[in-house]
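J.: Spelled out from the first residue to the last, the chains are:
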Amino acid sequence: MTAVPLDRVSWPLRTARLALRPATGDDLRALFDIHSLPEVGYWETEQPTSYAAFVLRSGERGQLARTLAIDLEGVVIGDLYLRVSDAWSQEDTADRAGEEAEIGWCVSPAHQGRGHATEAAGELVRACFEDLGVRRVTAAAFAANHPSLRIMERLGMRRESYNVRDSLHRDLGWVDGVGYALLAEEWRELHR
Amino acid sequence: MGREGLLPRTLVVELEGVVIGELYLHVAAGWAQVEVADRAVDTEAEIVWALDPAHQGHGYATEAATELVRRCFEDLGVRRITATAFADNGPSLRIMERLGMRCETRGVRTTLHREQGWVDSTVYALLADEWRGVSLPREDARP
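So the sequences go chain by chain: D and G.
Every letter in the first sequence is one number past the one before it in my numbering, and letter 112, counting from 1, is 112.
Every letter in the second sequence is one number past the one before it in my numbering, and letter 36, counting from 1, is 36.
Think of the hints as simulated: they come from the structure by calculation, not from any bench.
Take the hints with a grain of salt, since some may be wrong.
Covered stretches of chain D, as calculated for chain G (at least 3 residues, CB under 8 Å) [what the hints assert, rightly or not]:
hint, segment
1, 38 to 50
2, 158 to 171
Computed, partial: chain D to chain G, Cβ under 7 Å [what the hints assert, rightly or not]:
hint, residue
3, S85
4, W88
5, S89
6, D92
7, T93
8, A97
Idealized CB from N, CA, C, for every residue including glycine.
Please build the complete structure, drawing on both the sequences and the hints.
T.: This is how it looks when you write it as structure tokens:
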């Protein structure tokens, strides 16, 4: 995996209402307050149990370097996840396979229902294709996380995977997972 | 083989003392939320097969892979098996279907083939309870 090539983007990215920028240590408290809410953590990979644990995870596992803060009029209302990796290829074609990006999003429940997540993720998808130059964007979720699936569909992403009982949820047990994808040429067709 | 650690995951397929192909087996953790990740350790197996073209068409790959699937579920105790292939690799997909695997992923132009360029990929999967032929109630019961 390559490091997130954030220097290929002119920060902050701006949409009609939001600014997106690489998260820093100064954002951790606001992000902890969001991610520690039970309804947010329910679908997330990890529910932070304390601020200290959240700070540790942000640094130790390189999570912060893959996090973009979503800023609404100076307030951090959520974050985006961005991981860039090499595309899948036969070994001898790897040097021309290019990159793909996996993305994710989270908006504070207090700010949900106003299209902020879609607006932020839509701009991230644009930056992935136009600024980072990846050829494919993917997103994964629990199949029952309907709000997230609706955002993927609004972004024009296609469902490529429906995995039966492949994902272990802390409360639900083994449940279904889905994978969505969008190719650069498909995105350009949607935004001509 | 050595550099990437493939050899310890490779099984030789032997026919009357002659090596006619290989199976690949990689056991790993299933996807899990962090708090329950200890319950997902070594619960998934990825399998692959390759047979010498001179010995294809006799059902040897299916026969070998069927035994590997049985070992994965009964001896290794995994709960899910996956297999990945180029979407137009018909012979391999037919083996997956003969094994009772279901197509879960159809990836569009995901994979760079050295001659064909960007091509589609598929992932098939099979759960232990499906393999046993037991119809268990779904845990998620989606509305």
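J.: A97/D was flagged as interface toward chain G. Is the shortest Cβ-Cβ separation under 7 Å?
T.: Holds. Min distance 5 Å.
J.: When I compare C-beta atoms, does the segment 38 to 50 of chain D have three or more residues closer than 8 Å to chain G?
T.: holds (count 4)
J.: Classify the hint on S89/D as holds or violated, based on whether any CB of chain G lies nearer than 7 Å to its CB.
T.: Where the cut-off is 7 Å and the nearest Cβ of chain G is about 4 Å from S89/D, the hint holds.
J.: Answer holds if the nearest beta-carbon of chain G is closer than 7 Å to that of W88/D; otherwise answer violated.
T.: OK, holds: W88/D within 7 Å of chain G, min 5 Å.
J.: Checking hints one by one. Is S85/D an interface residue toward chain G, by the C-beta closer than 7 Å rule?
T.: violated (12 Å)
J.: With 7 Å as the cut and Cβ atoms as the points, is D92/D at the interface with chain G?
T.: This interface hint holds because 6 Å falls under the 7 Å limit.
J.: Does T93/D hold up as a contact with chain G if the rule is Cβ-Cβ below 7 Å?
T.: holds (5 Å)
J.: At least three residues with a C-beta closer than 8 Å to a C-beta of chain G: is that true for the segment 158 to 171 of chain D?
T.: With 12 residues close enough to chain G, the hint holds.
In summary, the structure is inconsistent with hint 3 from the numbered list given earlier, while agreeing with all the others.
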